[in-house]
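S.K.: Listed below are the residues making up each chain.
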Amino acid sequence: MIKRPCSIAEMSESDLIAKITGFVAEAANRSTEGVGPDMNVFEEVGVDSIGIVMVYVEMSMDFGIPEPSPAADLRAIDTITKLAAYARSFAT
Amino acid sequence: MNPPLLDRAAIVELMPYGPDFLWVDEVLEQDGDRRIVTNKHYLANASIVRDHTPAGVTLVPGVILIEQAAQSALLLGLRSGHVASGKAAFLGRVKADFLAPVVCPAKVEVDLVVSVLRAEAIGFAAKLKSDLQLCAHIAGVCVLVDAPAPSI
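Protein sequence lines correspond, in order, to chains A and B.
By numbering that gives the first Met the number 0, the letter at position 52 of the first sequence is numbered 51, and the numbering carries on one by one without gaps.
By numbering that gives the first Met the number 0, the letter at position 98 of the second sequence is numbered 97, and the numbering carries on one by one without gaps.
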């Protein structure tokens, strides 16, 4: 489960989206089927306030990226596409 | 080997649990509010361990290892000042991979990193080693709430 962080820079966009879709679906206790990259992860997918923390824990473990700043609202990044862009912003 | 940063007596003082529900014996290392290394010595004659497998070898229950990791996260929060006294922590989400059985007697070391630190929650990932062998990966979310008033 806890893996060495992989390089986001080397991941294709579709692989990155698929990976994050898995995190989001698991956080919402559902399968990835029917979960789209531009769906609202809270209102349409069903991630709750605990689940979104787990999504960032998973992204930290897999991609080695930090959480959003403490002042930032975790609900502000509300789609898988935006989560991927956030992760990608740390690519070197 | 360096002496522990905190021994069991000091941890009992800090944590909201009684000694029979405390699954951390020592704090070995701490890096600010993001990483802590703790350990726990499991004895074969402890009732919860002994009664887990009464007919065979004494194995530490996986759920206790999860609790050890979660208590380590809370301890880090308390020691770093992120968690104020009067707050209670509940394990809201957990994901665990158990890689090897922990046979008593054993010393289990938790190396825990906090990856999400918010006013209302702590998200963590931990590697657990039993006598230096990797035995579990545990990730989870501790939810912080105002402690309920004691019942009378």
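Take the hints with a grain of salt, since some may be wrong.
Claimed, not checked - Which residues of chain B face chain A? A partial, calculated answer using Cβ under 7 Å: (1) Ala83; (2) Gly85; (3) Lys86; (4) Ala87; (5) Ser114; (6) Val115; (7) Gly122; (8) Ala124; (9) Val140.
Said to hold, decoys possible - If you anchor each label on the Cβ, the simulated ranges turn out as follows: (10) A/Ala84 - B/Ala8: 25 to 35 Å; (11) B/Asn1 - A/Pro65: 41 to 51 Å; (12) A/Arg74 - B/Ala54: 25 to 35 Å.
Said to hold, decoys possible - Here are a few chain A residues that sit away from chain B, every Cβ distance over 12 Å (derived from the structure): (13) Ala17; (14) Asn28; (15) Asp47; (16) Ser48.
Calculated from the structure, these hints are not laboratory results.
We put the beta carbon where it would ideally sit given N, CA and C, even for glycine.
S.K.: Run through the hints listed earlier and report the numbers of any the structure violates, in increasing order.
M.R.: Going through the list in order, the structure violates hints 1, 2, 3, 4, 10, 11, 12, 14, 15 and 16 and respects the others.
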